[in-house]
Amino acid sequence: MAKTPAELYRERTRRVEDAIQLKVPDRVPLVVSFGLFPAKYAGITCQDAYYDSEKWGAAVKKTLLDFKPDMYHGSAIVSGAVLGHLGCTQVKWPGDGVSPHHTHQFVEGEYMKADEYDAFFEDPSDWVVRTYMPRIYKNLGPLKSLPRLSSMVFGYGQAMQVGALAAPDVAGALDALVKAGLAARDWQAAHNSLHKEIIELGFPLVSGPSTNAPFDMVTDYLRGMRGTMLDMYRQPEKLIKACEMLLPLLIERGVSGARRSGNPRVFIPTHRGSDGFMSLKQFEIFYWPTFKKLMMAFIDEGLTPCPFLEGDWTQRLEILLELPKGKVLGHFDRTDMKRAKEVLVGHMCIRGNVPSSLLQTRSPQEVIDYCKQLIDVVGKGGGFIMAPGCVVDEAKPENIRAMIDFTKEYGVYH
Amino acid sequence: MTDNLVDAIADLKEEEALRIVKSKLDSGEPPAKILEASRKALEIVGARFAKCEYFIPDLVYSGEILKEISELVKPKLKGATQLEHLGKCVIGTVAGDIHDIGKDIVAFMLDANGFEVVDLGVDVPARKFVEKIQEVNPQVVGLSGFLTLAFDSMKETVEAIRAAGLRDKVKIMVGGGQIDDEVRKYAGADAYRPDAVAAVLLAKEWVRRA
Chain C
109 MAKTPAELYR ERTRRVEDAI QLKVPDRVPL VVSFGLFPAK YAGITCQDAY
159 YDSEKWGAAV KKTLLDFKPD MYHGSAIVSG AVLGHLGCTQ VKWPGDGVSP
209 HHTHQFVEGE YMKADEYDAF FEDPSDWVVR TYMPRIYKNL GPLKSLPRLS
259 SMVFGYGQAM QVGALAAPDV AGALDALVKA GLAARDWQAA HNSLHKEIIE
309 LGFPLVSGPS TNAPFDMVTD YLRGMRGTML DMYRQPEKLI KACEMLLPLL
359 IERGVSGARR SGNPRVFIPT HRGSDGFMSL KQFEIFYWPT FKKLMMAFID
409 EGLTPCPFLE GDWTQRLEIL LELPKGKVLG HFDRTDMKRA KEVLVGHMCI
459 RGNVPSSLLQ TRSPQEVIDY CKQLIDVVGK GGGFIMAPGC VVDEAKPENI
509 RAMIDFTKEY GVYH
Chain X
12 MTDNLVDAIA DLKEEEALRI VKSKLDSGEP PAKILEASRK ALEIVGARFA
62 KCEYFIPDLV YSGEILKEIS ELVKPKLKGA TQLEHLGKCV IGTVAGDIHD
112 IGKDIVAFML DANGFEVVDL GVDVPARKFV EKIQEVNPQV VGLSGFLTLA
162 FDSMKETVEA IRAAGLRDKV KIMVGGGQID DEVRKYAGAD AYRPDAVAAV
212 LLAKEWVRRA
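So the protein lines, in turn, are chains C and X.
Position in the first sequence (first residue = 1) + 108 = the working numbering.
Position in the second sequence (first residue = 1) + 11 = the working numbering.
Bear in mind the hints are in silico, worked out from the structure with no lab data behind them.
For glycine and all other residues, C-beta sits at the position ideal for the given N, C-alpha and C.
Every clue listed holds true.
Using 27 Å as the maximum straight-line C-alpha spacing, the simulated DSS-like pairs for lysine-lysine come out as follows:
id	chain 1	residue 1	chain 2	residue 2
1	X	166	C	200
2	C	176	C	480
3	C	389	X	62
4	X	99	X	85
5	X	62	C	446
6	X	24	C	346
7	X	78	C	221
8	C	449	X	62
9	C	346	X	78
10	X	24	C	389
11	X	24	C	221
Away from chain X, derived, C-beta distances all over 10 Å, residues of chain C:
id	residue
12	131
13	173
14	318
Sample of chain C residues at the chain X side, in silico, Cβ under 7 Å:
id	residue
15	207
16	213
17	216
18	333
19	334
20	338
21	341
22	385
23	386
24	387
25	464
26	469
27	502
Please model the entire structure based on the sequences and the hints provided.
Now the structure itself:
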């Protein structure tokens with residue numbers, strides 16, 4: 109008799125949780141960060157994914173039901189309508205800056221200048237509202253002219269300051285905010301109900317909440333890569349202080365997200381801590397301390413940090429042993445998986461790393477050969493989840509199918 | 012004294028390097044000699060990167076120091092002191108992809124190592140690569156890309172270069188985020204290199220053989 113979706117849901121959750129806890133599951137679990145693959149697979153445009161929740165939801169459900177991975181790894185899609193109302197310049201998305209058939213792309217920039225750390229430290233909310241938001245959202249430019257927000261502390265005597273909100277250009281910015289807010293509410297509601305449907309179909313979500321490593325927040329969204337790297341030399345204390353300041357906010361984002369979704373697995377995509385980006389010594393000074401504190405805070409809350417260790421982390425594997433056993437799921441991209449297993453065996457569950465180049469340009473048989481290696485070497489004794497190295501936006505469907513079907517067949521443990 | 016400057020730059024001592032440059036300029040040293048020292052220093056930086064003593068922050072910082080030095084030197088440079096180039100390279104991020112960090116570092120390193128670099132920017136259509144190759148006749152073409160969508164763009168770009176009858180005239184290298192040797196084969200390029208210094212070494216080798 110076929111299993112019910114509820115039974116499948118429990119079975120799949122247990123399979124993944126067993127692997128995370130370093131027990132031997134019934135077979136190698138399998139998850140896929142599909143990215144925008146569902147759009148291409150279901151024959152809608154990527155642009156649809158950013159604007160039409162219904163079309164996107166149908167594409168995701170079709171993909172899950174056709175390929176049947178063990179869990180659903182949500183795609184990082186932000187509503188095009190919300191971004192459009194805000195006039196966001198920090199990202200380009202399909203239909204606005206990139207082709208309707210491609211994924212969104214971040215626009216690298218120095219969004220916080222080298223001499224703005226102090227303003228940020230002194231009054232972060234004020235700096236964010238009056239300097240940062242006008243900078244990244246062109247329709248919020250007039251917020252620059254608001255009075256300092258904390259001046260409202262002077263009570264009713266300052267009540268007249270609300271007049272600034274009704275200046276015509278500021279009112280326009282507030283109007284843009286309200287429009288964006290309404291679009292965000294619709295989008296959120298549609299995605300929440302999509303997640304509910306996915307769960308009802310028997311697919312757990314890999315993670316509910318997501319957050320970032322503090323260093324990445326600074327380098328991605330504030331200082332930019334060049335700025336952060338120069339800060340390592342010219343003002344290292346401020347760079348570290350910014351990471352420490354963001355840490356509690358990033359912990360809170362993960363913890364509250366876990367509470368809201370009821371999902372204990374916290375997704376933490378990492379960007380610029382990998383081998384190529386900085387030396388191990390620089391990593392130990394700038395990246396690791398607050399990244400470790402972030403993960404430890406989740407573990408203390410009974411949650412499971414699931415960092416996506418993008419790029420190559422081969423030189424940093426030993427440092428991951430500082431994290432407690434069986435509490436973290438490490439998703440590897442271009443790391444040497446054999447070496448990862450040698451170092452992390454009995455300590456951390458490893459997820460990864462079928463290369464996107466293989467999934468996109470080679471044959472199903474070559475994908476199978478790679479997966480067999482992974483199962484034989486990394487899958488040995490559990491603690492392994494089969495997955496592509498990164499999102500598979502343009503993978504060939506037959507290669508995804510080969511990876512999944514082969515793993516289900518060959519990856520059985522008993 | 013020149014050695015001091017080379018060491019100061021190579022050891023990433025920004026203030027010291029700038030102080031030495033200023034005093035050299037004040038004492039009337041030819042600006043071309045200072046630029047030569049800078050280039051020498053950058054070779055050391057590259058060698059340290061290749062040995063994994065330096066990483067991208069160190070490359071970026073050395074680039075910043077070099078930029079400051081050339082700003083000090085420029086007003087004193089007379090038009091005639093054009094450095095001889097090792098070779099020409101046309102570089103760009105392929106169609107559909109707007110990422111520039113990696114491409115910029117490679118372009119900077121090629122330039123600092125004596126190449127004449129024509130940087131076409133990001134989201135560069137195949138046609139634009141072809142036109143620029145026809146115009147400047149480079150020995151080396153660098154295709155950069157961060158996302159998986161770049162795989163097909165790289166392939167299309169190499170095909171366009173072939174269709175224009177230029178394939179035998181240039182060597183093509185690929186690199187960036189999800190690019191690897193499989194993608195190199197798929198695209199029909201000549202080589203994949205994982206970082207900027209390796210790319211420069213290869214470009215030098217290609218130019219020497221050309």
